[in-house]
Amino acid sequence: MTTRMGFFTDTSVCIGCKACEVACKEWNDVPDDGLNFLATSYDNTGALSADTWRHVAFVEQPGRWLMSSDVCKHCTHAACLDVCPTGALFRTEFDTVVVQSDVCNGCGYCVPACPFGVIDKREPDGRAWKCTLCYDRLKSDLEPACAKACPTDSIQFGPLDELRERAATRVGVLREAGVVDARLYGADENDGVGGFGAFFLLLDDPEVYGLPPDPVVTTRDLPGMWRVSAGAALALAGAVAAAFARRW
Amino acid sequence: MGSNMAECHPVGFQWVMEAKARGARIIHVDPRFTRTSAMSDAFVPIRAGSDIAFLGAIVNHILSNGREFREYVAAYTNASTIVGEHFRDTEDLDGLFSGWDREAGQYDMETWQYAGTPTAPSAAHREETPTGEAFGYGAMAEDPQPPATDPTLEHPRCVFQILKRHFSRYTPQVVAEVCGVPTEQFLEVAEALCDNSGRERTSAICYSVGWTQHSVGVQYIRTAAIIQLLLGNMGRPGGGVMALRGHASIQGSTDIPTLYNILPGYQPMPHAATTPSLAQYLAENTAPAGVWADAGAYIVSLLKAWFGDAATVGNDFCYGHLPLISGDHSTYRTTLDMADGKVQGFFVMGENPAVGSANGKLHRLAMSKLDWLVVRDLVEIETASFWKDGPEIDGGELRTEEIATEVFFLPAAAHTEKDGSFTQTQRMLQWHHKAVEPRGDCRSELWFYWHLGRIIREKLAGSTEARDRPVLDLTWDYPLVAPHDEPDAEAVLREINGVGRDGRALASFAELADDGSTACGCWIYCGCYADEVNQTARRRPGREQSWVAPEWGWAWPANRRILYNRASADPAGKPWSERKAYVWWDEEARRWTGHDVPDFLADLPPDHVPSEGDKGLRALRGDEPFIVQADGRGWLFAPNGLLDGPLPTHYEPHESPFSNPLYGQQANPARLVFHRKGNRYASGAEYPYVMTTYRLTEHHTAGGMSRFQAHLAELQPEMFCEVSPQLAAERGLTNGGWATITSPRTAIEARVLVTDRMAPLTVQGRTLHQVGLPYHWGWKGLSTGDAANDLFPLALDPNVSIQEVKASTCDIRPGRRSR
Amino acid sequence: MTRDYYGRPVLKEPVWKWYIPAYFFTGGLAGASSTLALAARASGNRPLARSALLASSAGIAVSGPLLVVDLGRPARFLGMLRVAKPTSPMSVGSWLLAVFGPASAIAAATDVSGRMGRVGWAAAAVAGVLGPAVSTYTAVLVADTAIPAWHDAYRELPFLFAGSSAASAGGVALALTPVGDAAPARRLAVVGALAELAAARSMESRVAGPYENGQAGRLARAAEACTAAGAVAALAAGRRRGVAVGAGALLAAGSMLTRFSVFRAGFESAADPAATIGPQRARLEAVPGDEPVRRRQADERVRGVPSAHERRI
Ligand SMILES: Nc1nc2c(c(=O)[nH]1)N[C@H]1C(S)=C(S)[C@@H](COP(=O)(O)OP(=O)(O)OC[C@H]3O[C@@H](n4cnc5c(=O)[nH]c(N)nc54)[C@H](O)[C@@H]3O)O[C@H]1N2
Ligand SMILES: Nc1nc2c(c(=O)[nH]1)N[C@H]1C(S)=C(S)[C@@H](COP(=O)(O)OP(=O)(O)OC[C@H]3O[C@@H](n4cnc5c(=O)[nH]c(N)nc54)[C@H](O)[C@@H]3O)O[C@H]1N2
Ligand code: SF4
Ligand code: SF4
Ligand code: SF4
Ligand code: SF4
Ligand code: SF4
Ligand SMILES: [Mo]
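Heads up: the protein sequence lines correspond to chains A, B and C, in order. Positions in the first sequence are counted from 1; adding 235 to them yields our numbering. Positions in the second sequence are counted from 1; adding 53 to them yields our numbering. Counted from 1, the third sequence has number 160 at position 162 by our numbering; the numbering is strictly sequential.
Keep in mind the hints are simulated off the structure, nothing from the lab. Some hints here could point you the wrong way.
As the list claims (entries may be wrong) - Here are the simulated lysine-lysine pairs, DSS-like style, with alpha carbons at most 27 Å apart: (1) 383/A to 487/B; (2) 422/B to 441/B; (3) 668/B to 730/B; (4) 383/A to 73/B; (5) 15/C to 83/C.
Stated by the list, open to error - Partner residues are not named here, just some residues of chain A that face chain C (Cβ under 10 Å, in silico): (6) 271; (7) 273; (8) 338.
Ideal placement from N, C-alpha and C gives every residue a C-beta, glycine not left out.
Take the sequences, apply the hints, and build the full model.
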C-alpha cells in the first residue's frame, strides 16, 4: 500500500473559474450535464452527479461571494463502497474510492448510501459514476486533471498527511489575518466517516455550500441493523410457530 | 480597475493570488462585484464610464497633498518641461483644450507643444491623418534642442503646474457625485495607493477593456499612467500600468499588426499625403533621440525581409511597393463603407463581427451588401451564416434569395493544430507546438495565406505590369512541411527575427542597419531567434532560474521583462531602495546591470550628457529612462499622440443619463459618432439605466470557441442580464425569469439574474441602476441567446476607433421580446 | 430554519423505481409464506402448506423479474454473486435469494407434483428457515443508506417489514386455504397486522416528517386502513370464504402500501435538505466541545473581531 493520496480544496482562494469542472470532463470523457439556466448565482451545474465530478458552488452573501469546488470525499469509511454488492467500488492502492465500470451492475445502492449525494447513476448507461481521483493519472504519476487545471491552487493534491498539515497552517494564517470564519471540513479522522480523503477549507458552515454538517457513514450502524433485523426475523418465525399453537 | 482579471485572465490571476498571499493588498474598482472583487481586499463599486473622475481625483489627491515621489517626478517625467504660451486648458475653455476646430470636429495640436518646439505635423483632416496608434510612440519631429524646463516645478506653464490646475477640480466630492463612490471609500483607495508607493514600495494598476471601450478610452489609461509616474511606479518591479490584453496573442497582433495604420514594430504605415516616398517617410518618422532615431534601419530592414534581393538602394528598397493609406480604414469605418456599398469583398479571419461588433445588426446588414465574403473559422459562426439564419432573416428584413453576397466558409486549424507563437500581455513570446494534425480541410492561416500568395504569384508569373511587381517581388520561399505543405512556422519566426549580411540570425535590433545589409521582419522582435535558436520555445522552470525568469520564453525588446527599467535606479544609477533593486549602474564594470536586461544603452553612464553629434540613445542623458520618447521622459502631459487632448478630462459617455457636472462640454468632443439610419442615439431620460457589457470566464468573446462546446456551454447555458434586487423590484423582474432590454437600436431578451452584486449607486443625488450584460451570445451553437451588441450604437474613441460598449443607456422590462 | 444551498438536496434521491417496493412486498410475502408452509407441513396441515408454498413461489417468481428490470439486463444479476459482502445488505440479500429462490421453487414444485421426498423436504426446510431473513433483510437494505427517513428508522423498519410480511403471508394463505385449515393463517395474519400497525406507529413517532406528510403519508394512512380492515375482516370471517378472501386481499394491499409508503418517504426525505441538515446541525450544537471553530468564532464575534465581509470597504 502506498501513501494515502487526496485533495485539500482551499476554498478561500477559489476564483470560481470552473476550470476543474471542465478539465475533469475533458480528461475523463464525462458527458455534459444538460444546459440549464438555474438562476443560482453563477452555478448552472447545480450539484455533483454521474456527469459532474467536480462542482463549483457559488454563494452570494453580503459583501462576499463564496466559491467552492466540491468533489467526492474519498471517505475513510465510504458508505458507497461498503454497500456495493458487486465489489465494483473498491479501495485503490492510493486509498481512494473508485468504481470499476466494467463490474458495476447498476444496482444503484451506492447512490442513497453516500452521505454527500456524490455518486449517481448515469441514465442511458445504467451504471454508477463519480470522481475516480484520476486513478489512471495517479498510476502514471500525474496529478489529477482538476488539480492540474486549477490556476490558484485551490485544489491541492498530495499525500493526505502532508495536506492536513498544510491545511492546519493555512487555517491559522487565515484566522490570524482576521478571517475568523475559516475552518476545516473533513480533516478530522474522528468524524462520522473517519475523515475525508478529499477535505476542504470552508469560510462558512458546510450546509451553506450544500454539504452535510456532520455526515456519518450509514454502515456504522449496520451491526445494529442486523441485530434488529435478526430479532425481527426471529419474531416472525416465532409468530409463525405460535400460530400453530393448539390453544388459541 | 476596468478589468475583471479573475474571470478574464484566470491563469494570470494566480500571480495576484500569490502576491496577496505574500501580503499585497488588492483593490477592485468595477461597476459590478465580480469574481475578482470576491478575491480582493476591497471592492469599490463605480458608475460605468466615470473612471477619469475617480483617477483624476487621485491625481489631485497626490498633488494637493504632496504625495508624489518628488525626485522621480522631477528627474524622470516631463513635469518640469515648459509648455507653449498659447496652450489653454479645459479650465479655461469649459471642457475644451485650445486648438479645437469645431467645424472639422478635431483638434489642432499646435498649442499643446513644449515651448520653443516646432509644431508637430499639423492635424489635418482625420481622413488624411492616421489615428493615434500610428504615432503613439511619441516620436517627435526633428528637434535637436531639448525643451526648456524648470527643475523647481514652479513655472506657471511647466507641466507640473498645468497638471495641478487641470485636476484641481477633481475632488473627493466630485468623485461621489460623478462616480457614485462615497468620499471615505475614495480616500481609502487614494491613500492606500500613495502609502504603497515610493522608494520602498510600488503599486501596479491593472486594466483591461473596462477602461478602453469608451469614447474617451485612451485617456483612461493616460490618467493611470500619470498616477504611476507621479508615484514613481513606472519601470520598477511591482509597478506599472498592466494592460491585460485580450485574445491569446492580441499583443502579437499589434506588434505585428492586423491594424491598417501601422507596420510591424509600431512603424507608421506610409501615408499618401505625407509620406509617399522613403525620404519623406524617414524625415517624418526619425526622432532626434531615443530608439526612434534609428527608424531608417527598422523600415529598410523590414523592406529587405519582405522584398529580399529586389529591394535595393536604387529603388528605395521597394518602398513604393507598400500600400499607402489615405484616411481612416479602421474596422467600423470599413463597415459603414460596406453598408454604403463602397466595399466589395471582405475577409474575416478569427473574428465574429456579426456578434462581437457594436451594433451587430448594422454589421450584418452591411455584409449583405458585399459581393463576396470569406470567413475562416473553426465552426460555422454567425458571421458566416447570417444570410440564411440571422435575426434579420427571421424578422423578414432580409431575404436570403435577395442577398447577392457570395459567402465562402473555410475551415481553420486551431492553435493546437499548428506551430506558432503567442505574445502575451507582458510582451512575452511563447512558442506552442502542434499537438495534432488538423482534421479534414482545416488549415492554418499561414498555410492559407502562403498558398493563396503562391497561386496568385503563379497566375501573375511573367507579368510586366508595374502593379504586379509588389506581389512578384515578395520573398515567398518558406520551407514546406508534410503532410499538408504547411510553411515552416519557425522559418517565419526567423525571418521576423532578421538576418545579417552573413545570413545568420541577428541577436539584437541594435545590429540593424539602414543600408540594406540587414533584413528583419519586426525590429522589436529582433533577438527572438538569436544564435539560431528559437528563444521563444524556452521553458526553463522558474525554480531553476532567477525570479525574473529570463529563460522562460522571450520578451521584446531584447528579452527585457520590465520596460524603462532604468527608472528602477535613481538618477545616479543606484537602486531607489534595496527592496526594490532591479537594474543599476555598476561603476566598476562601467555598465548597467541587475536582475533584468537593462532597458538602456548598457554603457551609457548615469551622468552622461549628450554632446553635439550624439545620436539615438546616446542623444539622451544618462538619467533619462523613457528611451522611446525623444525627450527621454515619462509624459505627464502629452504634447503629441492623442487626438482628444494632452491631458485626460472627464467626459460623460456618448449616451449617459447624466449631464457632465464638471464642464459645459458633455462628452469627448473628438469622439467619432455616426448619425445615420440604424445607428440612432438615445437622448436624455428616455433610457434611465446605465448598461455595461463584459465577459464571463465560461465563455470566450463572440462565442465561436465556447458556445459550440458542450463542456463550456453548459456552464453558462443562456444569455442573461444581471440586475440588483432594487431594480428588479422597480421593474417587476424575477430571478430566473425573462427580461427585455431596449435601446434606440433594438430590443433583446435575456434571462434574469437578480443579485446584490449589482449595487445601485447614488449619482448626482439620485439612485442609479446599472444593468450588466455578458456579450457572448448569438443565435448559433449549443447555447444561444440574443447578442448584447445589437443594443449598442457606434460611438468611438477618436484615437483608436474603439467602440463604446462599456457604458451606454437602456431600459428594461419583464418578459420576453416580441418576435 | 436550517441554512442550505438554494434549497437543493444534500443527498441524491434513490434511483430505484416502483419495482423495488413491489419486490419488497413480493419478497416479504414469499419469505413469510415459506416459513408458514414449513410450519404447516410440520404440523401436518397440508392444505395450508400447499397454499403457503404457492404464495411463496409465486412471490419469488415475480421478485426475480422485478429485480432484473431494475438492473436492466438479467446478466447483471450475476454480478451480485461476484462477491459476498456482509457490509452490503444487498449482497447478503442476493445470496439469500440465490438459495431461497430455488429452494422455495423446488419445495413448491415437489409439493404440487405430490413427490415431496427428501429433496422436497430439504428445500422446504431451507426456504422456511431463510424465509424470515428474506422478509426482513430488505428493511436493513433501505436503512443502510444515508437517507434520514430510512436510516433513522432502522430500529423499527425490520419489525415493520416482518409484521407486514406476516400479515400478507397470513392473509394470502387465509384466502387460498379452505376455511377449515386456515386458522393458523388467520392468526398469523392478525398478529402480523398488529405488529405492522404498531411498528408503523412507533416509527412515525420517532422519525417524524415524511411518514406523516406528502405522498408517503397518504400511502401510510391507506396502508394502515387496509391492514386494520384486513385484520378485522380476518377475525370476522369465520367460515365465510368470501370474507376471508377479502381479508387476504386487504392485508396484502396494506402490506404492499406499507412498502410503497416507506419507499416514497425515502425520496421525500432525500429531497429535503432540512431533513439531512437539521438533525446533523442539532447534533453539533448539542455537543458544545464538538466544533471548536464555531465556538471560537462565536466568541470572536462577541469580542468584535470583524468578519471577513465587514472588512471590505
Ligand atoms: N474567459 C474569458 N477570458 C477572456 C475573454 C473571454 O471572452 N472569456 N476575452 C479576452 C479578451 S478578447 C479581452 S479583451 C479580455 C478582457 O478582459 P476584461 O476587460 O477584464 O473583460 P470585461 O469583462 O469585458 O470587462 C472587465 C470589467 O470591466 C467592468 N467595467 C465595465 N465598464 C466599466 C467602467 O466604466 N469602469 C470600470 N472601472 N470598469 C468597468 C465590467 O463590469 C467588467 O467586470 O479578456 C480576455 N479573456
Ligand atoms: N459589447 C461588447 N462588445 C465587444 C467587447 C465587449 O467587451 N463588449 N469586447 C471586444 C473585444 S475586446 C474583442 S477582442 C472582440 C472579440 O470579438 P471577435 O473577435 O469578433 O470574436 P471572437 O469570438 O473572439 O472571434 C474569434 C473567432 O476566431 C475563431 N478562431 C479561433 N482560432 C482560430 C484560428 O486559429 N484561425 C481562425 N481562422 N479562426 C480561429 C474562433 O472560433 C472565433 O469564432 O469583441 C469586442 N466586442
Ligand atoms: S463521498 Fe460518497 S461517493 Fe465519495 S467515497 Fe464517500 S461515500 Fe463514496
Ligand atoms: S451501482 Fe454499481 S457501484 Fe453502485 S453499488 Fe451498485 S454495483 Fe456498486
Ligand atoms: S480527481 Fe480526476 S476524476 Fe476526480 S474530480 Fe478531479 S479530474 Fe475529476
Ligand atoms: S479550478 Fe480552482 S479556482 Fe477554478 S473553480 Fe476550480 S477550484 Fe476554483
Ligand atoms: S485561456 Fe489561455 S490565455 Fe486565457 S487565461 Fe486561460 S491560459 Fe491564459
Ligand atoms: Mo479583446
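Hints versus structure:
A C-alpha spacing of about 21 Å is found between residue 383/A and residue 487/B, which places the hinted pair at or below 27 Å, so the restraint holds. For the given pair, residue 422/B sits about 14 Å from residue 441/B by alpha-carbon distance, which is consistent with the 27 Å threshold. Restraint check: the Cα-Cα separation between residue 668/B and residue 730/B comes to about 54 Å, which exceeds 27 Å; the hinted pair is violated. As the CA atoms of residue 383/A and residue 73/B are separated by approximately 21 Å, the hinted pair is consistent with the 27 Å bound.
Taken as a hint, the residue 15/C and residue 83/C pair is honoured in the structure, with Cα atoms around 24 Å apart against an allowance of 27 Å. Given hint, residue 271/A at the interface with chain C, is violated; its Cβ is 13 Å from that chain's nearest Cβ, farther than 10 Å. Residue-level restraint check for residue 273/A holds (minimum Cβ-Cβ distance to chain C is 8 Å; threshold 10 Å). With a least beta-carbon distance of about 7 Å to chain C, the hint placing residue 338/A at the interface is held under the 10 Å criterion.
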